[in-house]
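Each chain is listed here by its residues.
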Amino acid sequence: MAESENIVAETAEKIFADLADAQTINHDKQGAWKAPLWQALTEAGLPLSWVPDNLGGSGASLAEGFSVLNVAGRHAIAVPLAETMLAGWLLTQAKIASPEGEMTVVPASPKDRVTLNADGSLSGRARGVPFAKDAKHFAVLASGKDGISIALVDAVKCRIESGIGLGGDHNDTVTLDKVQPVITKPAPKGFEQTTLMLMGGVARSLQIAGALEAMLDISVRYSNERVAFEKKISKFQAVQHNLARLAGENAAALAAATSAADTIVSAKSLDTDAVFLEAASAKIRCSEAAEKGSGIAHQVHGAIGFTIEHILHRYSLRALAWRDDFGSESYWAVELGKLVANRGADELWPLVASR
Amino acid sequence: MTAALRFDPIRLPEKCEQLRKEVRAFLAEEIAAGTFDPHAPNREDNDAPEFSRRVGAKGWLGMTWPKKYGGQERSFLERYVVTEEMRVANAPTRRFFVADRQSGPVLLKYAPEHIKMDILPRICRGEVCFAIGMSEPNSGSDLFAAKTRATKTDGGYLINGTKIWTSSAHIADYMIAIFRTSPPTKENRRHGLTQFLVKMKQPGIQVNPIGQITGQFEFNEVVFTDYFVPDDHVLGEVDGAWKQATSELAYERSGPERFLETYYVLTELVRAVGKNPDTRSAEGIGRLVAQVHTMRRMSVSVAGMLQAGKEPVVEASIVKDIGTVWEQQLPHRVRDLAAFVEETATNRETLEKQLDFAIKTAPKLTIQGGTTEVLRGIIARGLGLR
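Residue numbers (this note's numbering), protein chains in the order written: chain G, 75 to 429; chain Y, 16 to 401.
No wet-lab data here; the hints were simulated from the structure.
Here a beta-carbon is modelled for each residue, glycine too, at the ideal position from N, C-alpha and C.
Watch out, some of these pointers could steer you wrong.
Derived, one-sided and incomplete: chain G residues facing chain Y with beta-carbon distance under 10 Å [to be verified]: (1) 238; (2) 298; (3) 301; (4) 304; (5) 317; (6) 318; (7) 354; (8) 357; (9) 362; (10) 365; (11) 369; (12) 372; (13) 403; (14) 406; (15) 407; (16) 419.
All chains, please: the whole structure from these sequences, using the hints.
This is the structure in structure tokens:
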């Protein structure tokens, strides 16, 4: 990790440690911690990390932003930091300035479509949009007769059917019924909905990898404290092997996610087989790791980890929920499988080895 | 944080890509000349001495070693490229693989100069084959229970006892083995074992082949009867082999051979399903490709750490744990997916033959070179659980 990434990640780490301590926020049912946390993140320029100065952001590098997402995953925070970063990134693609405040991206699933109408309005329905209820603006990707456009939309102009996702965060359905955007601009050449989904998928992969690291950490700690059959449960080989497997899942998720992020950082174009392999693989592997890893973390904790008072669910359920955003692992596996089959058997190894 | 696992996104340097092209071109020529069939991993004769010499002539054996011993002083990442290309092509590497990966580095570190000058250049030329003498009939994963004795005598040691599951012992010129020179102490049960260089094909050594469930005769029982090893063949500290064994294991555990052993069935499955797979096949292939890509990224990351002089023992153990579990499952997953492949697929027979062999191979993958159970113990220690 480069020096600057370290500094930005450390800034994020410090803010989360001070204002989003897992024990504290787990007991704060009113969510009073959210506003001060968001304010601190905003003051540090983190939500608009990926927006250059001239478009209203802090102009951090892609790599710095990715490192923040990994840290955010380790803290499984329930504010739309990743979503606002992605929204700012999307708007920046079309050189649209980012407003202040929380944002999210529409659509957040490869299946949903928003249409740019001839009169410049937007129509469509997007399900499973993370934090739509908390957002002031949406960064919208829409298809029209002239191709793909990117728009900034005022959230109050859209119909939002509120829902709560697996992780306990807002996961809403956003309906645009001839909504006039604040501004619309064409997306750069080659930028497709898939591009947004791949970027969102990498963001979620980094968050899952972070959550798994936290799960490993608290599981190891718990196993070294909990006594059963007159010894620490960490001394039982069955428990040790479970934790070793959890470490393996954490490692695989970390490797896949950071590799994909690194690929995007250094890619000249996001429309290549290499980016697709890396980003799709990260989402697939991290989602699989979320399932296996959270299962082990809960097994190690026993009944206490199943309680609302314990912090484990903050990580385990979010990691599981993140699997669904920007295309599930099943979706990406089908798409990756199709690409590999299309290129042919003898091109598979050269593709893998090119990374 | 407890673990602080590191898997930085290390990429192979640009110069590796030129090397990769050279290796692919070389292998293509060898395939064209009939040296080996890339679609037939079930090679009756994996021992290919002439091929081994040609690989040596290319400068691809001992390539990280000092030039004065015949090496090329190239990086560990360049070696990685050669290893993975050979593996994916199903090239017959048996004769040189162990010497290049493991035995050479041990000699470099512990052998006296005249032995290094004698043997290392021959390894680099692809002329000598090595075996590793670790397991015994009652000592496998529990390495430190080894009983085969090395008794001090004039100018050397007399070896008596039996090694078992010794791959390639029937063709090997040398073995690097651990023998008991002293009993274990109360304080340290690992004490008392010494590493030796053993010259094979000599009186006093009897090699008995052992058939494997794959139908191959790849490992052996090796019986030593009053076999004499001279003093200068002691490698490292007498009674202190346990100090030497651990750090090198990172190399052994994290290489491409730890997740690519059954890879050929995936290639063949992709061929069998054709350009337009149904959803089920596409999803299955996608998940397998995501996995092999991730494993490779982890493995390259460890290789990069080794090149940088670090000792990523836990990370390397993780690579072997999940890599071998995956390559063990791979033929079964491919079998699942192949169930609906069209009868007319032209490579159907090849795929079926490969699956048959890969499924038979699979059980050994999580046993050889450190069982999954031992690896998880090492990982657990790294996590602070032991």
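Right, here's what the structure says about each hint:
1. Interface hint status for residue 238/G: violated, as the beta-carbon distance to the closest one in chain Y is roughly 29 Å, over 10 Å.
2. For residue 298/G, the suggested interface contact is upheld, since its CB lies about 7 Å from the closest CB of chain Y, less than 10 Å.
3. With a least beta-carbon distance of about 14 Å to chain Y, the hint placing residue 301/G at the interface is violated under the 10 Å criterion.
4. About 17 Å separates the beta-carbon of residue 304/G from the nearest beta-carbon of chain Y, more than 10 Å, and the hint is not met.
5. Using the Cβ-Cβ criterion of 10 Å, the hint placing residue 317/G at the interface with chain Y is satisfied: the shortest such distance is roughly 6 Å.
6. The closest approach between the C-beta of residue 318/G and any C-beta of chain Y is roughly 4 Å, which is under the 10 Å cut-off, so the hint is satisfied.
7. Because the closest C-beta pair between residue 354/G and chain Y is about 7 Å apart, less than 10 Å, the hint holds.
8. Annotation: residue 357/G was flagged as interfacial toward chain Y, and the flag holds, the nearest CB pair being 8 Å apart, inside 10 Å.
9. For residue 362/G, the interface hint holds, since its Cβ comes within 10 Å of a Cβ in chain Y; the closest pair sits about 8 Å apart.
10. The beta carbon of residue 365/G is not positioned within 10 Å of any beta carbon in chain Y (closest approach about 12 Å), and the interface hint is therefore violated.
11. Below 10 Å, beta-carbon pairs count as interface contacts, and residue 369/G has none with chain Y, the closest being about 15 Å; its hint is therefore violated.
12. The beta carbon of residue 372/G is not positioned within 10 Å of any beta carbon in chain Y (closest approach about 18 Å), and the interface hint is therefore violated.
13. Of the supplied interface hints, the one on residue 403/G holds, with its beta-carbon coming within about 7 Å of a beta-carbon of chain Y, less than 10 Å.
14. Hint status for residue 406/G relative to chain Y: holds, with the closest Cβ pair at about 7 Å, below 10 Å.
15. Below 10 Å, beta-carbon pairs count as interface contacts, and residue 407/G has one with chain Y at about 3 Å; its hint therefore holds.
16. With a least beta-carbon distance of about 4 Å to chain Y, the hint placing residue 419/G at the interface is held under the 10 Å criterion.
Taken one by one, the earlier hints fail for this structure at numbers 1, 3, 4, 10, 11 and 12, listed in ascending order.
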